[in-house]
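Undergrad: From first to last, the protein sequence lines stand for chains A and B.
For the first sequence, the working numbering begins at 53 and goes up steadily by one.
For the second sequence, the working numbering begins at 99 and goes up steadily by one.
Simulated from the structure, these hints should not be mistaken for laboratory data.
Do not rely on the hints blindly, as some may be mistaken.
[Unchecked claim] Here are the simulated BS3-like pairs of lysine-lysine, each with C-alpha atoms no more than 27 Å apart in a straight line:
| id | chain 1 | residue 1 | chain 2 | residue 2 |
| --- | --- | --- | --- | --- |
| 1 | B | Lys507 | A | Lys122 |
| 2 | A | Lys142 | B | Lys156 |
| 3 | A | Lys100 | A | Lys115 |
| 4 | B | Lys163 | A | Lys143 |
| 5 | B | Lys507 | A | Lys89 |
| 6 | A | Lys94 | B | Lys507 |
[What the hints assert, rightly or not] In silico negatives: residues of chain A with every beta carbon more than 12 Å from chain B:
| id | residue |
| --- | --- |
| 7 | Gln71 |
| 8 | Asn124 |
| 9 | Leu125 |
| 10 | Glu126 |
| 11 | Thr127 |
| 12 | Asn130 |
| 13 | Ala134 |
| 14 | Ser151 |
Beta carbons are placed, not taken as given, at the ideal position from N, Cα and C, and that holds for glycine.
Listed below are the residues making up each chain.
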Amino acid sequence: MKKIVTVALMLIATVTFAQNKNARASMEVDGVCLMCKSRIEKASLNTKGVKSAVWNVKTHELKLIYDERKTNLETIENNILAVGHDVKEKKATDEAYNSVHPCCKYRDEDVKGAHNETPKQ
Amino acid sequence: MKNILYILLIVPLLTFSQEEISGMIMEANNKKEHIPLAGANVYWLNSTIGTVTDIDGKFTLPYSKEYTKLVISYVGFKTDTITVLEPKFINYWLQSTDNLEEVTVTSRKQSTAKSYLKATNTFTVSRDELLKAACCNLSESFETNPSIDVNFADAVTGTRQIKMLGLTSPYILIATENIPSIRGASQAFGLSFIPGTWVESIQVTKGAGSVVNGYESIAGQINTELVKPSTDDKLFVNLYGASSERLELNTHINTRVTDKWDTGIYIHGNTHQQHHDVNNDGFLDMPLYNQINVMNRWQYTNAEKGLVSFINFKFLNDEKQTGQLNFNPDIDKLTTNSWGGEIDTKRYEISAKLGYVNPEIPYQSLGVQVAFSSHEQDSYFGLNLYDIKHNSLYTNAIYNSIISDSRHKIKTGVSYTYDHYDEFVNTLDYERTENSVGAFFEYNYDNLEKLNLTAGIRIDHHNLLGTFVTPRLHLRYTTWEKSAFRASIGRGKRSANIFAENQNIFSTSRAINVVNANGNIYGLDPEIAWNYGVSLLQGFNLFGRKADITLDYYKTDFENQVVVDYENPTEVSFYNLQGESYANSFQAEINYNAFEGFDLRLAYKFYEVKTQYNSGKLDKPLIPKHRFFANVGYKTIKKDNGSQWKFDTTFNWLSRQRFSSTISNPVQYQLPKYTPTLATLNVQLTKVFSPKFEVYLGGENITNVRQPNPILGVDDPFGSNFDTTFVYGPIFGSMYYTGLRFKIE
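The following block holds chain A by itself, in its conformation from the complex (with noise of 0.2 Å):
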């Protein structure tokens, strides 16, 4: 029991001393065109501790710097799901997916198709 309360404790140490001001993360955005990337950059900055995001609209990889003391991935992460862009692992309300701009419908092939001409169906 001692020794779980002291792993434990050690672990609640590293977490808190782990605290960085320039902490960067990495993760999957979807969307397709420059307007989402203002909105998904717009949106990750507007959380108070992000410092810079950018997002890459080939990749959509979007590349994080913010401060741990204020903010963590999860709120970025919601913050980018209200204004209506699915993350890795979860989906927009369809609500917040519909407020994007008819042209940003990244979840429509159509959308997708007349965003770049990589090899589909």
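Using the hints, position chain B against chain A.
TA: Leaving out everything else, chain B in the frame of chain A:
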């Protein structure tokens, strides 16, 4: 065996076609080959119904009408969501995230690109655009561009002068890789000292521009990016020959020294030794010249540590001879046997840049630039002597970071410049040292959507200009889709190098009169101006093809200017402005991609440039009020072997231009009040045989328009009415050229 597979495939489709959906997930590849992806996740959005693809990449899933979004994901691949409206067989190619960088987006790349996002009114001229005018140095690179005017400075030196917003190049900050390069002694001929093949791209900013590179820019900034050893062709050879017997050779050799160091040697030589006198006035239509220009660049790249550095060495030797056909410099120099002149220039440059980007925090970076140049020009024009030595040191350190988040960017830093001028003008010696220390701060706000603004301020302490503040503001606002509204305001201040900037005055019999006002620079005060501008860029589709229109209005107001007054035909006076001086310009430009490969550019410009001279408020001489410009480019579709035809033609029309007054001259040396209108046409044809080899052929001024008598008082070059500055049009007439480009990547 194969048959069984087909049967197996078909059976489920037939049997359960109402309730199930199946498909195959493959790895994306260029040939659309069926490379199955085993183990990919396939599931209906917002449901728990999902499966994993089998060894052949195939899957089967229950289907119901309420499920329309199918999510496909796999480690190392881009997750995709596709819409499924009916239960048909799905073939889907999933993009590997590794290959994503290689995906080529096949949208049309403009050779002159305007930004819809930047706060400043900047457009980028790419290599493709530069190739449209095959020749030969920076001064000739702007001929396909309506924002910059190119004209001849005088009838003897063949110097081309550029103008922006109706103001000559001293009012434009011309930089090479963000280091101010064409200033001081190199102002008159400097543009011809940067060979066209060395140029990778040019960024032209209208309006005051950023404060980072100094306080001198007034009408705008032109920045030239040179080719880089790591990205330029391993070997590049360009040979050019014109009907005027002008020959040019450019060679680039680039090698990788180690995995971090690259180096390149760039050699340019040009020569023109043929005497031309098309208009039979006894004077050479274009000077005789030889130029050797060598640059060595070293590039250091260390991506892990976030370091990039460039070290450049440049050497230039340029010799020009002008004047009468029978002028022999060995015998006739500085005599009245015949009129002639020589301009010999030697220039050395060393510059280094170091950039550091924090690999952990990419928005933090630091840049340091150091450049030293030594410029020496020895020249005479008839009986006028002009020598200048200019040593210059430029240093600048810039720190980039953010405030709170990356929508708020800042640039801040310090700079130090040192200039020593030693001039000899006929019998007078002028020597001065200028040095300045400055600090700048620039804030950029970008809300990632509609608004982007840059506000900059710098404070400088200059030994001759005093301590002063330079504020500049640019903003961009997007009111509706595909548009950008811009506004800018800024102040600029500079010391006018009256002789170096106006070397054409030496090829006249005019007396030079500098009106001493007890100022610090030749007895004159520094020039100060405010520049204001608005601009609207609107993109649209016309008959399904891309088009855009730009409307620009800029106004430059001088608080003080060193007025160059030609209104008395026997003298040229320099004096401080008393009253108003302004340059207003309006430009409308339309770009239209009418069909595949065919681009049309039309522009109209209006200038109103007025200055208060001693003799009254007048239009600046030799500036047309109206200008019309058209450029048509056509490219055939590139064949698989890379072969292609390119065709390009440029038309320019200039309205009448005012001649400075000649009313007090004897009647035979009087000129009309205005020049005639002028129209010129250039064409060029390029045949690309392969990515390695291409040949071009072109004609400049093919309608053979010429100014009949460009030199006033040509019958008596040592008389009191000799003047070569009344030049408004081509002197030589049409000229044809051909050339080749060979490269190994």
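Undergrad: Tell me if the straight-line CA distance from lysine 163/B to lysine 143/A falls inside 27 Å.
TA: 20 Å, holds
Undergrad: Could you let me know if the closest chain B CB is still more than 12 Å away from the CB of asparagine 130/A?
TA: 17 Å, holds
Undergrad: With 12 Å as the threshold, tell me whether alanine 134/A passes as away from chain B on beta-carbon distances.
TA: 16 Å, holds
Undergrad: Hey, is serine 151/A genuinely clear of chain B, shortest beta carbon separation above 12 Å?
TA: 15 Å, holds
Undergrad: Holds or violated: lysine 507/B and lysine 122/A, Cα atoms, limit 27 Å.
TA: Within the cut-off at roughly 20 Å; holds.
Undergrad: For glutamate 126/A, which was marked as not at the interface, is the minimum beta-carbon distance to chain B over 12 Å?
TA: At about 19 Å from chain B, glutamate 126/A clears the 12 Å cut-off, so the statement holds.
Undergrad: Asparagine 124/A: least C-beta distance to chain B exceeds 12 Å?
TA: 16 Å, holds
Undergrad: Would the hint linking lysine 100/A and lysine 115/A be met if the CA-CA limit is 27 Å?
TA: 16 Å, holds
Undergrad: Beyond 12 Å on every Cβ pair: is that true for leucine 125/A relative to chain B?
TA: Given that every Cβ of chain B is farther than 12 Å from that of leucine 125/A, nearest at about 16 Å, it holds.
Undergrad: Is lysine 507/B within 27 Å of lysine 89/A, Cα to Cα?
TA: 18 Å, holds
Undergrad: Holds or violated: lysine 94/A with lysine 507/B, Cα cutoff 27 Å?
TA: 15 Å, holds
Undergrad: Evaluate the condition: distance from the CB of glutamine 71/A to the nearest CB of chain B exceeds 12 Å.
TA: At about 16 Å from chain B, glutamine 71/A clears the 12 Å cut-off, so the statement holds.
Violated hints: none; the structure is consistent with every hint.
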